[in-house]
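Trainee: Sequence:
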Amino acid sequence: MTNLKTLHFYTTPEHECSYLDGVQAKTLFVDPHEIIATDAYSQLSDLGFRRSGKHIYRPYCNHCQACISVRIPVREFHRSKSQQRIWNRNKDLRVSQSATRFTDEYYDLYARYIEARHADGDMYPPSQSQFSTFLVESQQQGCFIEFRLPDKQLIGIAVIDDLIQGLSAIYTFFDPEQTRRSLGSYAILWQIEEVLRQDKDYLYLGYWVRDCQKMSYKTSFRPLEMLLQGEWLNVDV
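Our numbering puts the first residue of the sequence shown at 1, with every later residue one more than the last.
Hints are supplied without guarantee of correctness; some may be wrong.
Subject to a maximum C-alpha distance of 30 Å in a straight line, what follows is the list of computed BS3-like cross-link-like pairs (lysine-lysine) [stated by the list, open to error]:
no.	residue 1	residue 2
1	26	214
2	54	5
3	200	54
4	91	152
5	152	81
6	214	200
7	91	5
8	200	91
9	200	81
10	26	5
11	81	214
12	214	54
13	81	91
14	200	5
So the derived label-pair ranges between C-beta atoms look like this [to be verified]:
no.	residue 1	residue 2	range
15	112	232	32 to 40 Å
16	26	139	37 to 45 Å
17	61	151	44 to 52 Å
Since the hints were made in silico from the structure, they are not lab data.
Just so you know, these numbers come straight off a predicted model, no measurement behind them.
Idealized CB from N, CA, C, for every residue including glycine.
Full structure from sequences and hints, please.
Mentor: Take a look at the structure:
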């Protein structure tokens, strides 16, 4: 087991915030040379940390607390009518688990997604090295969840990590032309069911920022717990 008290952390210089225009941000990182076992990673997740590639981090801004960690207590979750429609609409998909790895098929889907959905963000333009650094390289136990049409065409990937208390939703990318399927929401619904199947408690969705429109979808999953002043609270927003 990893003792959190022995871990080393470092902070970045101020940099442009990825979520809010005109705001400077700082980030707190766990030393990437540390060996982080699943138990420590699970504890860090409860403290609001996230993973990107080999890096485990959380916002550490001097004058801003806009980034709030959120998670779904899956045993209390009930689909809304619109979420049930999304679930029904995707019942034809074939879902399977794969190791986190680079393939041309995965990267082509990722590149099309970034180009269509995030051309205004810091992940544009996509590259093969970016894909590998962000989604493949990791110390943690995780996988890619493939979503395929009946003809085996790949239309979505959900990247997830195992935690002792649940799953961490690292990233989801999908065919930007499949708008009717609402694949981003469906991937979350599928992960909720997978946490229940594993008899665990939480699906961690990363950060929610009230003034960031691209994160607003997270509040449609109720109940939603937020990490506020060190305590997970069920908050209605």
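Trainee: Are the hints correct? Go through all of them and say.
Mentor: We went through each hint and held it up to the structure:
{"no.": "1", "hint": "26 <-> 214", "result": "holds, 21 Å"}
{"no.": "2", "hint": "54 <-> 5", "result": "holds, 20 Å"}
{"no.": "3", "hint": "200 <-> 54", "result": "holds, 25 Å"}
{"no.": "4", "hint": "91 <-> 152", "result": "holds, 14 Å"}
{"no.": "5", "hint": "152 <-> 81", "result": "holds, 29 Å"}
{"no.": "6", "hint": "214 <-> 200", "result": "holds, 28 Å"}
{"no.": "7", "hint": "91 <-> 5", "result": "violated, 46 Å"}
{"no.": "8", "hint": "200 <-> 91", "result": "holds, 23 Å"}
{"no.": "9", "hint": "200 <-> 81", "result": "holds, 24 Å"}
{"no.": "10", "hint": "26 <-> 5", "result": "holds, 22 Å"}
{"no.": "11", "hint": "81 <-> 214", "result": "holds, 22 Å"}
{"no.": "12", "hint": "214 <-> 54", "result": "holds, 25 Å"}
{"no.": "13", "hint": "81 <-> 91", "result": "holds, 16 Å"}
{"no.": "14", "hint": "200 <-> 5", "result": "holds, 26 Å"}
{"no.": "15", "hint": "112 <-> 232: 32 to 40 Å", "result": "holds, 36 Å"}
{"no.": "16", "hint": "26 <-> 139: 37 to 45 Å", "result": "violated, 24 Å"}
{"no.": "17", "hint": "61 <-> 151: 44 to 52 Å", "result": "holds, 47 Å"}
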